[in-house]
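Please build the complete structure, drawing on both the sequences and the hints.
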Amino acid sequence: MRLTWWKILSIILLIYTVIGGLLIPVPELSQLGETIRNLYFHVCMWMAMMILFTMSVIQSIKYLQSTDYKKDIKAKSYAEVGTIFGLLGYSTGAIWASYTWADPNNPAYASFGSIMREPKLIGAAMALLIYGAYFILRSSIRDIDQRARVSAVYNIFAYFMLFPSIWIIPRLLPSLHPGKEGNPALNFNDIDAKMRMVFYPAVIGWTLLGAWIGQIKIRIELIKEKNLF
Amino acid sequence: MKGYKQYQALVKKEVLLELRQQHALFGMMLYIASTIFVLYLTMGETEGQTWNALFWVTQLFICINAVAKSFLQEAKGRMLYYFSITSPTVFILAKITYNVFLMILMNTINLLLYTAFLGDPTTSFLTFIGISFLGSIGLSLVFTMLAAIASKAMQQASLMAILGFPVIIPQLLLLVRLSKTAFSEIFRENVPTQVVFLLISLDISVILMAVILYPFLWKD
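Protein sequence lines, in the order shown, are assigned to chains A and B. The first sequence begins at 1 in the numbering used here and counts up one residue at a time. The second sequence begins at 1001 in the numbering used here and counts up one residue at a time.
Simulated from the structure, these hints should not be mistaken for lab results. Don't take each hint at face value.
Capping the alpha-carbon separation at 25 Å, the derived lysine to any residue pairs in SDA-like fashion look like this [stated by the list, open to error]:
id, chain 1, residue 1, chain 2, residue 2
1, B, K1069, A, R142
2, B, K1219, A, R138
3, B, K1219, A, F135
4, A, K70, B, K1219
Quick look at which bits of chain A chain B covers, simulated, 3 or more residues with Cβ under 8 Å [said to hold, decoys possible]:
id, region
5, 10-17
6, 41-50
7, 159-169
For every residue, glycine included, the Cβ atom is placed at its ideal position computed from N, Cα and C.
So this is what it looks like as structure tokens:
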């Protein structure tokens, strides 16, 4: 295995994220407390997911331009890794929410049923459902070329329907989730300077890790389908 | 100009086909009537919010059923025939036009039966009619494209719902929210106009995407 510079960068950034994220002091806020450290994991999962889905769509567009089957494998693999990051984003979010929004031991907090109507959660659920549908669509077409073409079309169509709504819905519905105006924690004033020192490297680190996993998946797929090339 | 003539002919063919196979059209109407009758039996007179939610859910299922068959009924041989006489852009535009008209018709029937059976809790029924037409146009556009995608796969009918629901959720949310203006809910200034504008721009982007992407689905 050859470690190129960006893989080494990913390892270094993630080690920094875990150590720095747990040790560097954070501002003390009454409700959040130390749970704010989850920002380095939870938000980064969603960022990595969105970037991976974008990479998948770019590969789909490239496939339609070139009808090169390798591009289809790439699109599928990035979508798979993106889905895994999405699920991780959900689980980190659920842990976080159970301390800040929906603590069952604290009667002042909302119930889990009511927080599922959060616009950010709707957007996330839509993204995961769309890619779930994408995999089902793939598995229901046997012919390789047709599968690649049809799923590429769905990928592009769904992506361009999904992303406007992720930006639109949060502005229409009431929400507890921070970052009402779009992307939480990306605005310069959203988070403390010390946290930015960890947050930005963490986003880059997790995204690079996602791309790395995606690459390994692509290589495995290419070996499996060796007889096609 | 040649494209326009083909477009006219294709729309006309869809209408003729529908009129000749009346069982499908009447089947749709019966579907609407029986759905609403079941709602009437189980719910009785309903108040605003429930009425609104139920209306859009029935609208969604009517759309899936009405639009799905537009591609599913095309046999493979016939697609080959279209392939030889016309271009994909003209073909998809004709399908879209026809489906929008069909959906507006179904929408009218749905509205009529809804008010007949479940009453009319709206404060401004005209606003609600306008919003429902806007909504049915949006729904039929999205589902035409999805039917085109699903028609290439196995188990087309169930696949359409799977592919369609996540894509349609944002539009439905916008529509349900917008139709609350017809129940005299107070909105911030300009919000309803913004939402209408948003829905129209979403519709335009769906048409654009259909025109760009359909040629890739078309060739087998």
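How the hints compare with the structure:
1. A C-alpha spacing of about 22 Å is found between B/K1069 and A/R142, which places the hinted pair at or below 25 Å, so the restraint holds.
2. At roughly 18 Å between alpha-carbon atoms, B/K1219 and A/R138 fall within 25 Å of each other, so this suggested pair holds.
3. Using a Cα cut-off of 25 Å, the hinted pair B/K1219 and A/F135 holds, with the two alpha carbons roughly 22 Å apart.
4. As the CA atoms of A/K70 and B/K1219 are separated by approximately 20 Å, the hinted pair is consistent with the 25 Å bound.
5. Under a criterion of three residues with beta carbons nearer than 8 Å to beta carbons of chain B, the stated coverage of the region 10-17 of chain A fails, only 0 such residues being counted.
6. With 0 residues having a beta carbon nearer than 8 Å to a beta carbon of chain B, the region 41-50 of chain A misses the requirement of three or more and the stated coverage is violated.
7. Counting residues of the region 159-169 of chain A whose C-beta sits closer than 8 Å to any C-beta of chain B gives 7, which meets the bar of three, so the coverage hint holds.
In this structure, the earlier hints numbered 5 and 6 are contradicted, and the remaining ones agree with it.
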